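> Here's the letter readout for the chains.
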Amino acid sequence: MIDTVREIETAEGISLRLRAAGALPRAQAWVLDLLLRGVFFLVAMIPLSIFGVAGNGLAMLLLFALMWAYGVVCEVWMDGQTPGKRALGLRVVHADGTPVTWLPSVVRNLLRVVDILPGVYGVGLVSTLVDPHARRLGDIVAGTMVVHARELPPGQQVPAVSALPLPLALSADEQAALVDYAERAGQLTVQRQEELANLLTPLTGLRDTAAIRQLVAHVNWLLGRA
Amino acid sequence: MKQERFVALHGKTWDRLQSWLHALDRQPRRTLRQEQALDFPAEYRRICHHLALARGRGYSHEVTDRLQQLVQHGHRVLYRPPPPRWHRVAMFLLAGFPRLVRAQWRCMALAAVLFYVPALCLLVLLQLRPELAHTLFSSAQLAQFEKMYDPANPHIGRSSGTDLQMFGFYVMNNVGIAFRTFASGLVFGVGAVYVLGANGVLIGGIAGHLTAIGYGGPFWRFVAGHSPFELTALVIAGGAGLHLGLTLLAPGRQRRGPALVAAGWVGAQLALGAFAMLLVAAFIEAYWSSIASLPDPLRFGVAGVLWVLVLAWLWRGGRAVRHGA
Chain Y
31 MIDTVREIET AEGISLRLRA AGALPRAQAW VLDLLLRGVF FLVAMIPLSI
81 FGVAGNGLAM LLLFALMWAY GVVCEVWMDG QTPGKRALGL RVVHADGTPV
131 TWLPSVVRNL LRVVDILPGV YGVGLVSTLV DPHARRLGDI VAGTMVVHAR
181 ELPPGQQVPA VSALPLPLAL SADEQAALVD YAERAGQLTV QRQEELANLL
231 TPLTGLRDTA AIRQLVAHVN WLLGRA
Chain V
49 MKQERFVALH GKTWDRLQSW LHALDRQPRR TLRQEQALDF PAEYRRICHH
99 LALARGRGYS HEVTDRLQQL VQHGHRVLYR PPPPRWHRVA MFLLAGFPRL
149 VRAQWRCMAL AAVLFYVPAL CLLVLLQLRP ELAHTLFSSA QLAQFEKMYD
199 PANPHIGRSS GTDLQMFGFY VMNNVGIAFR TFASGLVFGV GAVYVLGANG
249 VLIGGIAGHL TAIGYGGPFW RFVAGHSPFE LTALVIAGGA GLHLGLTLLA
299 PGRQRRGPAL VAAGWVGAQL ALGAFAMLLV AAFIEAYWSS IASLPDPLRF
349 GVAGVLWVLV LAWLWRGGRA VRHGA
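First to last, the protein sequences are chains Y and V.
Heads up: the first sequence begins at 31 in our numbering, then just goes up one per residue.
Heads up: the second sequence begins at 49 in our numbering, then just goes up one per residue.
None of these hints come from the bench; they were simulated from the model.
Heads up, some of the hints might be wrong.
What the hints assert, rightly or not - Chain Y stretches covered by chain V per the calculated footprint, using a threshold of three residues with CB under 8 Å from any CB of chain V:
id	segment
1	42-56
2	79-90
3	125-134
4	140-146
5	158-172
6	198-208
Quick caveat, the model's predicted, so the values are computed rather than measured.
Using N, Cα and C, we set each Cβ at its ideal position, and we do this for glycine too.
Please take these sequences and the hints and turn them into a complete structure.
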């Protein structure tokens, strides 16, 4: 399947839609995080250098924290997002869509050691390309995945015109198709809108622009507008 | 029910929840103290119901998308991770971790064999044939070891540096090794086997060489104090890596995916426990082991006590107390 959306049924009986994030935005987020950590370390070195040799020890403790703890702490305390992931609109979640917790975050960040192998994320890249949910090995073992956090741009509203009752009863699917058409018509060329509207000439008895207008009026009736 | 009427009827509820969720993003603590926080679970479930209705009735995306976004946001808030509880960390270190180590005793025993057998073999071998040290290490490395443990040094175990500097170095180096040992176990266990064996050869080789050339005194006095924590933590991290690799090879009566997730869960806890042990080891190594003026009986006495404590902790820690009649 080309679609990377993973639907997860929750205890409330509805489905969450998780859009798996691929290798490219994740690599960008990683580079951002790397730069951020590098800059932070360099800036922190300035006050630490006052302490002389002891400052070296503190600097190594800081380096250790930035190398191993940064990802875990950021992911758990910042809603599944390191600063880099936040900038790219990514989020780490459990496979069931709940926010990531301590142990899975530890697993996925420790197993970076394997994913980062040959070169820069060789194993991780292959794994994200092969896995249907674009998980690297660390994600598979941790039971987590990285998803797009930004919402898709909202669909267009159906233009409001005076409602017109349908001449015959349509099934639920057919009604949904009509509503979808009216919502998306704004994104299509006029020619395509007319071509689609002309398919329903048996229903409307009209063609081209008049057919489009009549379909939108029917949809307004379906939505319950006056 | 027509869509417009549905929105008119419930739109206020959605707006209220949405503004509460946004307020929560901006000021988490204050918003959670509001009375509305008590209603949140019920309100969230009501909106889930609305979403199911909207989908079932084929309402337009305008409504379903909005509800879907609201539900995803609410789901994230309702199932957020609990704040860390410090007494649970203490309980884990005292009871949970030793229990976990005992539960994985096969992997731990295998890791101990993989580490201690080459180390002890080399230690003995280098006493019999000291020239073998030159096949193991380059002469520059040998010179460095000899400088570190020269009996003439004011500090032992290091050529320069203060306590704090060495503490930072030990934490970064040793914990890094332990974490890599665990993680590389995922490669069918090969990584963990290699790191354990290589460290066994390295440590055994250094110990054997220094003992053979007569620098054994400073060396053993230096390593005695922190070895119980450091070597045991390395073996545990390696055992966790072996467990991960063996689960990948032979998941048993589970599918590979869930078996790996379970092994990762266990492995992460073992790695965190090893991390705590290595922090203690680094502290001892930097602040206790390096004091040259300590008398030998005290030094080796403390080391013996620590070995007994570590082994007893791993052997007895977290066992249910038997309530006698």
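> The structure should be examined with respect to each hint, and the outcome stated for every one.
Checked hints:
For the segment 42-56 of chain Y, the stated coverage by chain V holds: 5 residues have a C-beta nearer than 8 Å to a C-beta of that chain, and at least 3 were required. Against chain V, the segment 79-90 of chain Y contributes 7 residues with a C-beta closer than 8 Å to a partner C-beta. That satisfies the three-residue criterion, and the hint holds. For the segment 125-134 of chain Y, the assignment as covered by chain V holds, since 8 residues bring a beta-carbon within under 8 Å of that chain's beta-carbons and 3 suffice. Counting residues of the segment 140-146 of chain Y whose beta carbon lies closer than 8 Å to any beta carbon of chain V gives 5, which meets the minimum of three for the stated coverage.
Using a Cβ-Cβ cut-off of 8 Å, 4 residues of the segment 158-172 of chain Y lie near chain V, which meets the minimum of three, so the contact claim holds. Remark: the segment 198-208 of chain Y is confirmed as covered by chain V, as 4 of its residues place a Cβ nearer than 8 Å to a Cβ of that chain, reaching the required three.
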